[in-house]
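These protein sequence lines are chains Z and B, in that order.
Residue numbers for the first sequence follow the working numbering, so the first one is 1096 and each next one is one higher.
Residue numbers for the second sequence follow the working numbering, so the first one is 27 and each next one is one higher.
Hints in this document: simulated from the structure, not taken from any laboratory.
A virtual CB, placed ideally from N, CA and C, is assigned to each residue, including glycine.
Check each hint, because a few of them may be wrong.
[To be verified] Just some of the chain Z residues that point at chain B, by a computed CB distance under 7 Å:
| id | residue |
| --- | --- |
| 1 | Asn1127 |
| 2 | Gly1130 |
| 3 | Pro1156 |
| 4 | Arg1188 |
| 5 | Ser1190 |
| 6 | Lys1235 |
| 7 | Gly1246 |
| 8 | Gln1259 |
[As the list claims (entries may be wrong)] Some but not every residue of chain B turned toward chain Z, in silico, with C-beta under 8 Å:
| id | residue |
| --- | --- |
| 9 | Pro233 |
| 10 | Glu237 |
| 11 | Gly240 |
| 12 | Lys463 |
| 13 | Ser500 |
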Amino acid sequence: MKAIRTLMLAAAVFFLAAVTAAAQIPAVNVENAKGEVISTASLVDGKTPMIISFWSTTCKPCIRELDAINELMPDWLEEAEFRVVAVSTDDARFSTKARSLVQGHGWTDFIDIYDKNQAFMRAMNVTLTPQVYVVDADGKIVYSHTGYTPGSELELLEKIKELQ
Amino acid sequence: MTRTLYITLILALAVPAAVSAQEENSSKGYLSGSFETNNILYQNDSPTGAVAPENRIGSNNYLKLDYYRGKFSAGAQLEGYFPVLQDYPIELTKAKLTNYYVSWTDDAFSVTAGTFYDQFGSGLLFRAWEDRTLGMNNAVMGARVTYNYKGIVSVKALWGLPRMGMEFSDTQVRGGDISFAISELAKWDGTYLALEGSVLNRFEDIPVDLEDEGGKPGSTGYSGRINFEHGSGFFLKAEYVDGGQKYYSNPDFASDGKMYLQKRGNAQLVELGYNNHGLGVNFTARRLEWMTSKIMNNSVSTANLLNYVPAVCTQYTYLLTNFHPYTVQLGEPAYRNSGEMGGQLDVYYNFRRGTALGGKRGMKIHANFSTYYTLAQEGTAKAGNLLYRDFSVDIEKQFSRKFKALLLYSMQEQNTHYGVGKATRLQNIVVADMQYKFTPTFSTRLELQYLATHEDEKDWMAALLEVNFAPYWSIYVSDMYNHGSSNVHYYAAGVSYARSRTRVSLSYGRNKDGYVCSGGVCRVISAYTGLNLQLTTSF
């Protein structure tokens, strides 16, 4: 029985892989900085690419990565046009704390969104944070990186520049 | 039953694929997925008291696949435990296709059949979620419908059987949630005001003894909420929860002859704050009474949860700060304790670049205070014994392009017996976390930590050195040393490699007994020593 199940799953995956295109930003509901419910599809504007970073208040490397991007952002914006979307994956309890942390870390130039039920995180198949993506103007994922080592943010600028 | 579900799944996966193959000029769907494997090879280690499990190995594996095509999506999760890692919920065994769903979503409307995750309000009444750190997955198998009318009214209705271990339980949940945004209806500019409410019915067959004592299989709980945010950055959130009827084993059975205690759960939550101009202030107060909510009344598993009641205090991230994290008191007759009350204050401030304290590169400061008490008397808000109190402050400054440092001080005081007596233990912890960049991609990070206490094993010290070669490699060595009484070293070392969406890490070392916490929820772990290999990837 187990073998049959595995086989069925493998067949389904193979069939799907044959008819699929490149991964894009899925449309799920999240909260914006004001607390309003928005669809992640609305982040795609057809004009500028974006860096999407998944973080949480208990993920130290995530905070380090977003601090580093925030520090470099004014210089990067002179070289390329892009937006930064910081996705807090904190639970309902910690999402108010996440909002306070955003202020305390000066991440106000980012588009801050709150994925309280982790729907966006699941839809993007993020299993480990920090997880960062570079997405082109049409919502197609062109680069991704799991984990943060100081300096790995430099690759993001390179990818953004390739999209200009 | 199972077969029908598999057929449903395969159909659900195959239909959109077939449709996409037939439709000309339409955009293709896409497949997304992730795989995670976490393996530990255990060994006996007498200095720490670590005892390897019988087969010396633990392996948790997760494969998740999702297919999206326009408004349609479908997916499944396959889990395998060969066997489950030590101290995870033991009902996680072998391999199984545990979760599967089909879903249709447009701007206003969504329908999901199969497994889904969801929560009402802050989760005090109901939450279905996955947390692999905790071994938690109580996804509900059933159906859910949501509808949103112009951002003014959003409604949710669901029904299903929550997952418990590798199976779906026989417990049924039925619930509804509504949010009414008055500010959207009145078209207020810059102010958000919403009134929200939820209802949850839980149904589980009960033992005959409980029925004889007047117990009922069905119980309904409610939640009412107000949600206010002003454009200036001020916010207020309040929630009242009637948790429904609860049953506990009666510790006084021998004297009063009743096998069960029947209680009604209730909780109150207030969050108040201000977030603007580099300042983030966040105050939370909460009172809980008999707020245990189990999927199955007779299971003692740590994953047997139907609601989300996290400890409302700072969840620390450094080694020595996490020895005694606060675990929430939901009300336990055996402890003569009906619940807890308390609050927390968080303040964040960003001293901008160019200001006197901010200097050339800015400075960040964060302070936190929390305090919790048992309920002195059932049905009141009178504070009893101190359960937990902590104060912490951390300052982070980028001194130059190359050097950055963070200093943390934390004071933690905790009741030694879950509030049964008045005795507490006090500890003071300091941490220095320094990062130095030699080149834009080569850096080191050093953590130095000290814990001072008169209790337990007395003083500890710890150090961690990390060397990073961005963007791929990271190596660390660490040691926690108890020089107060046991003189045991808890050494560890590890390496990780990350490329694109794949990350592999290998580590070896000693791990102290204690708690693993995620999102304010904790599980107890025993000491273990071993080799850990972890791989995550997504596509």
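Now the hints, each set against the structure:
1. The criterion of a C-beta within 7 Å of any C-beta in chain B is not met by Asn1127/Z, whose closest approach is roughly 10 Å, and the hint is violated.
2. With its C-beta approaching chain B no nearer than about 5 Å, Gly1130/Z sits inside the 7 Å limit, and its interface hint holds.
3. Here the hint on Pro1156/Z is broken, as its CB sits about 9 Å from the closest CB of chain B, past 7 Å.
4. This hint holds: Arg1188/Z has a C-beta 5 Å from the nearest C-beta of chain B, less than the 7 Å allowed.
5. At a threshold of 7 Å, the smallest CB-CB gap from Ser1190/Z to chain B is about 9 Å, leaving the interface hint violated.
6. Because the smallest distance between the Cβ of Lys1235/Z and any Cβ of chain B comes to about 10 Å, over 7 Å, the interface hint for this residue is violated.
7. Interface restraint check: Gly1246/Z against chain B, minimum CB-CB distance 3 Å, threshold 7 Å, status holds.
8. Given the 7 Å rule on beta carbons, the hint for Gln1259/Z is violated: about 21 Å separates it from the nearest Cβ of chain B.
9. Contact between Pro233/B and chain Z, as hinted, is not supported at the beta carbon level, the nearest pair being about 33 Å apart and thus beyond 8 Å.
10. For Glu237/B, the suggested interface contact is broken, since its CB lies about 35 Å from the closest CB of chain Z, more than 8 Å.
11. Among the interface hints, the one on Gly240/B is violated; its C-beta lies about 34 Å from the nearest C-beta in chain Z, farther than the 8 Å criterion.
12. For Lys463/B, the suggested interface contact is upheld, since its CB lies about 6 Å from the closest CB of chain Z, less than 8 Å.
13. Interface hint status for Ser500/B: upheld, as the beta-carbon distance to the closest one in chain Z is roughly 5 Å, under 8 Å.
Consistency with the previously given hints fails for numbers 1, 3, 5, 6, 8, 9, 10, 11, ordered from lowest to highest.
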